Amino acid sequence: MKNKQLELDVDFIGGQEPLTKEEELLISAFIKANKEKRALQPKRLTTTVKPKNREKVMS
Amino acid sequence: MKKKQNIGLDFIVDKLTNSIQNVVSGDSFATDITLISSTDLKNIIKKNNWQFDWKFEYKQPQRDVYKLTIVNNQTVIQGLISLEIKSDHVYMHLIESAPFNKGKTKIYEGVPGNLVAFACRFSFQRGHEGNVSFFSKTQLVQHYIDTLGAMHIGGRIMIIDTKASLKLINKYFSNEK
Chain A
0 MKNKQLELDV DFIGGQEPLT KEEELLISAF IKANKEKRAL QPKRLTTTVK PKNREKVMS
Chain B
0 MKKKQNIGLD FIVDKLTNSI QNVVSGDSFA TDITLISSTD LKNIIKKNNW QFDWKFEYKQ
60 PQRDVYKLTI VNNQTVIQGL ISLEIKSDHV YMHLIESAPF NKGKTKIYEG VPGNLVAFAC
120 RFSFQRGHEG NVSFFSKTQL VQHYIDTLGA MHIGGRIMII DTKASLKLIN KYFSNEK
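Each protein sequence line maps, in turn, to chains A and B. In terms of numbering that gives the first Met the number 0, the first sequence is numbered consecutively and its last residue is 58. In terms of numbering that gives the first Met the number 0, the second sequence is numbered consecutively and its last residue is 176.
Source of the hints: derived by calculation from the structure; they are not laboratory data. Hints are supplied without guarantee of correctness; some may be wrong.
Ranges of calculated distance between the beta carbons of each label pair, as one might list FRET restraints [as the list claims (entries may be wrong)]:
1. A38/A with I44/B: 46 to 52 Å
2. L39/A with I44/B: 46 to 52 Å
3. K31/A with Q50/B: 33 to 39 Å
4. A32/A with G25/B: 50 to 56 Å
5. H151/B with L39/A: 31 to 37 Å
6. T19/A with S37/B: 29 to 35 Å
7. I44/B with S27/A: 33 to 39 Å
8. K45/B with E16/A: 14 to 20 Å
9. T104/B with P41/A: 37 to 43 Å
Please read these numbers as outputs of a predicted model, since none were measured by experiment. Ideal Cβ positions, reconstructed from N, Cα and C, are used throughout, including at glycine.
Please construct the entire structure, taking both the sequences and the accompanying hints into account.
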């Protein structure tokens, strides 16, 4: 079944005003916390499995 | 009294593609994103149905304005983005699709998605680990969570973190080396 996309009938609007100091601090605090959270997570160990050296038997 | 301008991005991420797609024919077109020039700005005016004052954006020294065009057709602007490099992330001030790419009669879809992915890549290139922030209208918060993997951190602030950023870049720029 095809997933129906969220359709909101609006045009594309933005703002031209700068971020306030408080908003900048909020963003920075979030990024910092997110970074610390990631640093605490155990790193995934990846192992490379060498493919078996299969030689074709030529007849 | 002057009406206060509404803040908050209001773009709909309609399709996550590596290019933009003609709505009628379904044909896909590879895109370029380059810095806008003063010559380009001559036609990006309210009279031509652009909603925002892009000349103002262009004049802001700390903001960079980029245009999205179809490869080999640099003169027709499909959409614009205004970015600012902050100390720890990239802030997306504005995204606007070209007037002919808005609403139900749009010609190409995928314009805002392409521009957001560009902002994510820009953040990595500037050493900000893909972190991108932007303002969202309240009613579009969930839409951005669903389509961009963005996080709502309070108020109208949304953040695309490293993980979500990588996903978007892989979708849009997977063909680039």
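Consistency of the hints with the structure:
1. A38/A with I44/B: 46 to 52 Å: 48 Å, holds
2. L39/A with I44/B: 46 to 52 Å: About 51 Å separates the Cβ atoms of L39/A and I44/B, which means 46 to 52 Å holds.
3. K31/A with Q50/B: 33 to 39 Å: At roughly 35 Å between Cβ atoms, Q50/B and K31/A fall inside 33 to 39 Å, so the hint holds.
4. A32/A with G25/B: 50 to 56 Å: 43 Å, violated
5. H151/B with L39/A: 31 to 37 Å: 23 Å, violated
6. T19/A with S37/B: 29 to 35 Å: Once the Cβ atoms are compared, 30 Å apart, the range 29 to 35 Å for S37/B and T19/A holds.
7. I44/B with S27/A: 33 to 39 Å: 36 Å, holds
8. K45/B with E16/A: 14 to 20 Å: Given range 14 to 20 Å: holds, Cβ gap about 18 Å.
9. T104/B with P41/A: 37 to 43 Å: Taking Cβ atoms as reference, T104/B and P41/A lie about 51 Å apart, which means the hint is violated.
Comparing the model with each earlier hint shows violations of hints 4, 5, 9; every other hint is respected.
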